[in-house]
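Let the hints inform the model, and build the full structure from the sequences given.
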Amino acid sequence: MGNEYYFLSEKERHFFEALCEAIVPEGEDSAKDPGALTVGGLSYIDSSLCDMTPERQKYFRQSIYSVDVLSNSFFSKNFYDLDPIQRNQVLKELYLNPKTREQMFDLRSIVLEAFYSDFHVPNYTGMTAWQYVDFGGKRISDVKKDWTFLRIWKGQDDRE
Amino acid sequence: MTESDSAVPYDYDAIVIGSGAGGGPAAFELTKAGRRVAVIEAGGFYTTNDFSRFELLALRNLWWTPRWTSNYEIGLKDEIALGMGRCVGGSTTIFTAVAHRMPDWNYKEWFESTGIRNEEGLPFSREDLEPYYDQVEKDTSVRQYTEWDEGLKKINQGFTKLGHPFHSVNAYINKNCDQSGCLFGCPTEAKRGTLVSYIVPAVLLGAEVIHNSTVTKILFSSASGEKTKAEGVEYINDMGEAKRLRSRTIILAAGALNDPFLLWDSGIDEASGSSPSSKQIGRNFGVNTATIVFGRFDDVLNNWVLHPLSGQMEDFAQKEKGGFLLEASEVMEGPLSFAEFIVDEEGLPLWGERQKEILRAYKHYAGVFVNIHDENDGRVLRDRETLQQKFHKPITNKDKERISKARELCREAFNEAGAKSTLDSIYASHHVQGTCRMGQDPSKSVVDLNCESHDISGLYVVDGSILPSVIDANPSLTIMALSLRAAKHLKSLPRA
Ligand SMILES: Cc1cc2nc3c(=O)[nH]c(=O)nc-3n(C[C@H](O)[C@H](O)[C@H](O)COP(=O)(O)OP(=O)(O)OC[C@H]3O[C@@H](n4cnc5c(N)ncnc54)[C@H](O)[C@@H]3O)c2cc1C
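These protein sequences, in sequence, are chains Y and E.
Using our numbering, the first residue of the first sequence is number 427, and each one after it goes up by one.
Using our numbering, the first residue of the second sequence is number 19, and each one after it goes up by one.
Honestly, I wouldn't trust all of these hints.
Claimed, not checked - What follows is a set of in silico ranges between Cβ atoms, one per label pair, in the way DEER data are often shown: (1) ASP122/E <-> LYS458/Y: 36 to 42 Å; (2) MET478/Y <-> GLU148/E: 43 to 49 Å; (3) MET257/E <-> ASP509/Y: 47 to 53 Å; (4) GLN557/Y <-> GLU148/E: 47 to 53 Å; (5) GLU252/E <-> ASP507/Y: 49 to 55 Å; (6) ASP509/Y <-> GLU288/E: 53 to 59 Å; (7) GLY285/E <-> GLU436/Y: 46 to 52 Å; (8) GLN557/Y <-> ARG78/E: 20 to 26 Å.
Unchecked claim - Simulated coverage check for chain E against chain Y, where a stretch passes if three residues somewhere in it have a Cβ under 8 Å from a Cβ of chain Y: (9) 107 to 119; (10) 495 to 504.
Bear in mind the hints are in silico, worked out from the structure with no lab data behind them.
The C-beta atom is built at its ideal place from N, Cα and C for all residues, glycine as well.
Structure follows, in structure tokens:
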């Protein structure tokens with residue numbers, strides 16, 4: 427478990443890998459400064475997309491396409507092949523163009539969810555977002571998070 | 019409807035579409051009066067034990083995915099995220115429970131907007147709504163909420179120095195509140211939204227709640243020479259099956275963003291002969307455009323352990339005085355929503371290391387929620403080619419002036435209170451209103467004083483969409499009061 431993908435093609439996985447690095451990057455010491463990829467965020471994105479409606483899936487695929495079209499028009503490369511500064515430039519452009527703004531928000535959202543929701547893949551035991559941002563207290567620290575609504579977690583016991 | 023259909027007995031005395039601030043009170047009142055009532059709700063039926071601080075799951079289960087405006091289509095740059103609840107209880111299951119009556123000046127604006135008058139022919143006024151406000155406040159245990167969190171205390175220090183102290187809000191919250199949040203459903207039942215105050219009591223009295231079921235069409239019938247009548251609904255149930263139920267009273271309470279589409283899909287244009295009133299559907303859309311100013315303090319505030327929005331400052335609420343209402347403290351109750359909301363100095367959404375740095379300091383932030391008095395200059399519509407739902411809601415220069423004045427004041431207050439820096443948020447709205455306005459004049463409104471459609475008898479609209487113009491208070495109390503008012507009228511009619 428943890429390395430299975432239900433929806434994303436290899437090329438799309440590469441795209442989201444690059445997007446995760448741009449939106450919630452991993453720090454130098456990933457144990458203390460995890461990012462979306464550290465916690466297995468790709469699996470979150472994959473599982474979420476897999477259970478979306480066909481229209482929504484199509485919309486996300488179109489959004490990936492928009493990003494790559496923009497990357498190619500700027501740098502003649504796909505988003506995955508850009509360096510971090512170029513990726514940020516493309517994302518900013520995507521936001522500034524009103525027609526692709528919503529796509530930018532939705533791509534950003536799914537990556538933010540993959541990390542700040544406190545998600546992690548079943549076999550990951552390191553630091554997750556809530557600990558990272560020190561989000562806790564009454565009814566929060568002890569909340570039981572059942573992730574089995576995601577395919578990657580189906581049939582798995584909750585770690586907490 | 020076919021002739022054979024009309025031989026089938028009616029399934030219910032009333033069918034209510036949507037179970038939020040508009041649907042809940044009417045459903046309860048009619049059930050209490052012995053009517054057979056069904057409430058059809060697109061979202062799920064979650065109750066107290068289902069609500070927890072598992073933010074992601076709550077966002078998935080209880081909220082509509084945010085719908086964005088497409089203002090770029092009308093040549094404008096700024097977009098607004100429109101948020102609503104999608105569960106039994108509607109937005110009141112996830113609301114922050116501020117329970118305020120609308121200020122007196124809003125009645126005047128209502129009259130100016132649609133010329134709305136009461137039964138005596140006088141301009142609709144406070145006296146016309148007061149008994150219903152009283153009733154809602156009783157039903158929902160409204161009280162002054164005086165338990166302030168550290169964030170609000172700091173914010174208030176700043177504003178007090180500027181001569182604009184905050185006041186405790188009235189809230190639909192009883193004494194059992196343990197300050198464990200509002201936006202993801204109340205885990206203690208202390209929050210008395212429509213779910214606990216009206217829907218569950220209605221179920222106990224015999225109402226049926228058909229949840230996870232989306233109404234796709236309201237059925238109309240017409241006999242020659244007679245006014246078109248409401249006859250029932252079609253909906254898709256939780257198994258994906260198409261179903262049909264019949265009733266002569268249909269109460270549409272699906273919220274201002276959804277009502278227009280349902281009415282158009284039901285063929286209201288044709289059924290009304292493209293009447294002036296049908297042309298008003300989807301127009302006059304208002305949102306109280308909102309934004310948050312966050313202040314970052316050295317102290318740890320953990321401002322997510324709270325009932326948000328416990329204080330309010332209304333000195334500038336009236337449009338002539340500034341046109342913005344401030345409420346505090348709000349940090350969106352969870353890191354995910356906070357991350358979604360924050361923007362940089364240019365108004366660009368944040369991501370990357372800069373955003374992570376701010377998130378690491380999440381516990382140091384408190385926030386002021388800014389709601390402006392916007393105009394009803396927006397429109398809900400369907401794209402002719404793609405058939406997609408579209409929302410146009412200009413942020414005008416006047417709106418921007420209001421927002422920037424409010425932001426400046428908040429920054430000053432944060433500074434006075436000792437905050438080290440401030441941060442802005444995206445534009446959002448949780449107060450969608452006005453797409454099926456109420457009034458006597460069919461060329462300016464969609465429903466009459468009793469909330470009945472000008473065109474279709476037996477079709478009532480009772481939710482945020484009927485507010486004639488935007489109000490300078492959180493809208494739910496007014497919507498619930500109007501719902502009780504409509505229910506009183508419905509109870510006075512003979513059973514179908
Ligand atoms: C996060 C948030 C915080 C808020 N805080 C406050 C506050 O503190 N105080 C205040 O006064 N107001 C607050 N509001 C606003 C308030 O909750 C709304 O103004 C009010 O609930 C609107 O009532 P309504 O009946 O128009 O819509 P809703 O309460 O949203 O109810 C509409 C219901 O209809 C359902 N529906 C839609 N389409 C269909 C369909 N086709 N078939 C079946 N069902 C359908 C929806 O799922 C929804 O449950 C807040 C709103 C939000 C989102």
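For this session: Could you tell me which of the numbered hints above are not met by this structure, giving the numbers in increasing order?
Result: 1, 9, 10
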